[in-house]
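**Student:** Residues per chain are reported as follows:
2 protein chains.
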Amino acid sequence: MVNQNEQSGGVEWRVNLPDETSKVLTTERIWLHEFIMGFFRKIWSFIQKALKIGRNDPRKLIHCLKVGVALSFVSLFYYMRPLYEGVGGNAMWAVLTVVVVFEYTVGATLYKCVNRASGTFLAGALGVGVHWIANQSGQRFEPIILQSSVFILASAATFSRFIPSIKARFDYGALIFILTFSLVSVSGYRVEKLFELAHHRLSTIAIGTSICIIISMLICPVWAGNELHNLIKNNMEKLADSLDGCVANYFKNDANANNTKSGLGYRCVLSSKVTEESLANFARWEPAHGGFSFGHPWKEYLKVGASLRSSAYCIEALDSIINSDSKSSDILKKHFSKFCVELSSKSSAVLKELAVITNTMTKSSKIDFIVEEMNNAAQELQNAMKSLSKQPIASTVTKLGGSDAGLDIVPLVEIVPLVTVSSLLIEIAARTENIAKAVNGLADIAEFRVESGEKSKKSQNPQVIIQISQKTMETSQ
Amino acid sequence: MVNQNEQSGGVEWRVNLPDETSKVLTTERIWLHEFIMGFFRKIWSFIQKALKIGRNDPRKLIHCLKVGVALSFVSLFYYMRPLYEGVGGNAMWAVLTVVVVFEYTVGATLYKCVNRASGTFLAGALGVGVHWIANQSGQRFEPIILQSSVFILASAATFSRFIPSIKARFDYGALIFILTFSLVSVSGYRVEKLFELAHHRLSTIAIGTSICIIISMLICPVWAGNELHNLIKNNMEKLADSLDGCVANYFKNDANANNTKSGLGYRCVLSSKVTEESLANFARWEPAHGGFSFGHPWKEYLKVGASLRSSAYCIEALDSIINSDSKSSDILKKHFSKFCVELSSKSSAVLKELAVITNTMTKSSKIDFIVEEMNNAAQELQNAMKSLSKQPIASTVTKLGGSDAGLDIVPLVEIVPLVTVSSLLIEIAARTENIAKAVNGLADIAEFRVESGEKSKKSQNPQVIIQISQKTMETSQ
Chain U
1 MVNQNEQSGG
11 VEWRVNLPDE
21 TSKVLTTERI
31 WLHEFIMGFF
41 RKIWSFIQKA
51 LKIGRNDPRK
61 LIHCLKVGVA
71 LSFVSLFYYM
81 RPLYEGVGGN
91 AMWAVLTVVV
101 VFEYTVGATL
111 YKCVNRASGT
121 FLAGALGVGV
131 HWIANQSGQR
141 FEPIILQSSV
151 FILASAATFS
161 RFIPSIKARF
171 DYGALIFILT
181 FSLVSVSGYR
191 VEKLFELAHH
201 RLSTIAIGTS
211 ICIIISMLIC
221 PVWAGNELHN
231 LIKNNMEKLA
241 DSLDGCVANY
251 FKNDANANNT
261 KSGLGYRCVL
271 SSKVTEESLA
281 NFARWEPAHG
291 GFSFGHPWKE
301 YLKVGASLRS
311 SAYCIEALDS
321 IINSDSKSSD
331 ILKKHFSKFC
341 VELSSKSSAV
351 LKELAVITNT
361 MTKSSKIDFI
371 VEEMNNAAQE
381 LQNAMKSLSK
391 QPIASTVTKL
401 GGSDAGLDIV
411 PLVEIVPLVT
421 VSSLLIEIAA
431 RTENIAKAVN
441 GLADIAEFRV
451 ESGEKSKKSQ
461 NPQVIIQISQ
471 KTMETSQ
Chain D
478 MVNQNEQSGG
488 VEWRVNLPDE
498 TSKVLTTERI
508 WLHEFIMGFF
518 RKIWSFIQKA
528 LKIGRNDPRK
538 LIHCLKVGVA
548 LSFVSLFYYM
558 RPLYEGVGGN
568 AMWAVLTVVV
578 VFEYTVGATL
588 YKCVNRASGT
598 FLAGALGVGV
608 HWIANQSGQR
618 FEPIILQSSV
628 FILASAATFS
638 RFIPSIKARF
648 DYGALIFILT
658 FSLVSVSGYR
668 VEKLFELAHH
678 RLSTIAIGTS
688 ICIIISMLIC
698 PVWAGNELHN
708 LIKNNMEKLA
718 DSLDGCVANY
728 FKNDANANNT
738 KSGLGYRCVL
748 SSKVTEESLA
758 NFARWEPAHG
768 GFSFGHPWKE
778 YLKVGASLRS
788 SAYCIEALDS
798 IINSDSKSSD
808 ILKKHFSKFC
818 VELSSKSSAV
828 LKELAVITNT
838 MTKSSKIDFI
848 VEEMNNAAQE
858 LQNAMKSLSK
868 QPIASTVTKL
878 GGSDAGLDIV
888 PLVEIVPLVT
898 VSSLLIEIAA
908 RTENIAKAVN
918 GLADIAEFRV
928 ESGEKSKKSQ
938 NPQVIIQISQ
948 KTMETSQ
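Protein sequence lines correspond, in order, to chains U and D.
Numbering of the first sequence is given in this note's numbering, commencing with residue 1 and proceeding in unit increments.
Numbering of the second sequence is given in this note's numbering, commencing with residue 478 and proceeding in unit increments.
The set of hints was computed from the structure by calculation and includes no laboratory data.
We treat Cβ as the ideally placed atom computed from N, Cα and C, and that holds for glycine.
Treat the hints with caution; some may be incorrect.
[To be verified] Example chain U residues on the side facing chain D (calculated, C-beta under 7 Å, incomplete): (1) F141; (2) P143; (3) K273; (4) E316.
Working from the sequences, and respecting the hints, build out all of it.
**Tutor:** Structure, rendered in structure tokens:
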């Protein structure tokens, strides 16, 4: 027995021993107190983390409620007598199906439903066939035939899960195939009511899957296709912000926390490959929704994603060069600043326009024009570097910083980071053009809407002018 | 009925119609022939793909056979009468467990086994408790209490799967918890033999999991920890080869297919994050194996992996700069070639030595020395760039290419790629040092063996000399 006493404001723990003495447990008390407080502190931080997740994405909360609703629906088969008579004790399979099949996105749920149904059907049919053959070949060979068929088919199906094309589409189906085939051919040896078993299993799975599909599609559906679409769009915006942030950071010498923070968006892009691929895999199971038809070219989104990532790699290198200690000559920096900021802002303008195109699913008449502007900015930056070299570096500097006549030579070391930043920016511009090409490919195949005719005509003119002016520039050089 | 005739060497398809006329099916025949051939061609290419996978990694084939063996073992419970009497029709759960739980690596199998067992136990206990409470509160409230408990607990458990720390360790357990709790509390309403159900389920799961664990650990085990270890080691080697390949490609102007191929290894490193994380998650469930104890610091491997990836990003940028069209002045290239190749070979030597350290799990006495050499090479490359700027670029060139007196000025544009390559190489060297730090951290925490004393003493000397000589270099500048 443990007693709690209060003495002079303090709390004491006493254990009453069998010989009627009692012991004060001060150290134990402290330990217990610490333990309980630590426990509650952990739980509290856990709850806060959970609340944060719920607040950031309420759809996750809704998903949880949807799972609850689906399970409640399925358990009705048990509670309501007429339904129970129909399906019997096998309603268990319906519960099992709902739990295993219900996923966050509609696409994933459909993928699992189709795989589960077809895997079960195929394995059930094969199992019944093998069982019939085994039955015909006498009691002695029956277990051998069944056993070896389980061994061979389970091994083969397991191996098929290693093949990428099957893994992407039918991984779960192969698992269910092994499961059902083993169950049917093994339990068939005893149960004797094989057809009934197969029929019950199929009908309960049908009940489970249809409940899942209906609930996941009707109550606040989360479409994998839509998620992929938004992910790609957001990644474009993140890259644009990162690029602006990095370059602004470098040339303005403002080490603002805000700038640095907005400059880190590219990190999400670096590691988004797996998410993109699984979303694209699930999206192709989804029916038409929003602006997307069935058979929307989700694979094209993966190409866009890959080109975004290749741009992000470059921005990562740029970010680290910018954050390294090496200093650039301030005068040259000022001179180059104009061109670099121009180029990066044009690149990020292209990215933002591409985000708008992807988001609205409307071909933009502006995009060619902006890409052209970006290329011109890249050309100007290269020209600026060329013009620097027309005269020995020393005199260039004195020209630029006229008042600073004492300064004769800018050490090449001080140009190095600037040159590196410039050539990385040019490389990023080239990769941004690749992104634009990938988005154009997507727009063509997915048949994005075209903006109204007048607008597109207007935009044709400046582009032609720019192209001509660029040609004259090139010939004059 | 379909007849096959041979006439003058050709084959004809005839359909005998009910009115005893017959029709020659030449176009259909061609179509059928095409269809069958296409079908077999597809199957053939599929088989070849499968064979290639099997040849590349025979352990995958062995895994498939292991699954077959485990399933055969479990089905023995059905075929052998005494065993069958013991477990009864519930042996189905053992089959189900084996199919679902058996994974490629031991760690993944253990993770699933522990999660399945603990999830089932926890949910079973809770289910029995809730069922008892519901039973006490009268027939009217029973279904309401059961239904709402399923709703609340299923929603809560589903939500917990969104929390990263739980997702990493107990995702499968949460799924099994929902499954078992729903089954127990729903079917308990009818079956009445609740304890027996729970007992059977637990014992069959115990049988299934123990078969899986024994087979996966005894027959050619694939340890997740070992896989992670090898992945990290191989990634280091791939980066070293890529770096060597890229730089050799650039400075030797040999566009050999071999070089290009070996230069692409870094691409695997770029996208290995998810594999590394899942392997590390599984590895912590594994008992001691090979040189790894239970509780080996697998998280440190993730840090090494992250630093390897950050290096790979830089190599990606380097690769694209090298493959871009822009030309460098040949004379300067020759001048810089020495320093760049030196630096990249030192960097890749560091990477290779780190791979050896990781592989042998032995602290190397050489590594500090090689890192120092790499830093010196980086310093020399920077010095080379500094010395270039001491005099106007034009005269530097005439000095270098003495015979080429007519050439006055090297356009800065031609230095740009060279400068970019150099500063990327310097950045890569800095990141390689980070990798070395991460590996050192791993070596300290995982208590790697130390090389024999004499060797490490020998290596101390050159390092000290180098450090002194570097200091004198720095003061003399």
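**Student:** Taking the numbered hints from earlier one at a time, note which ones the structure violates and give those numbers from smallest to largest.
**Tutor:** 1
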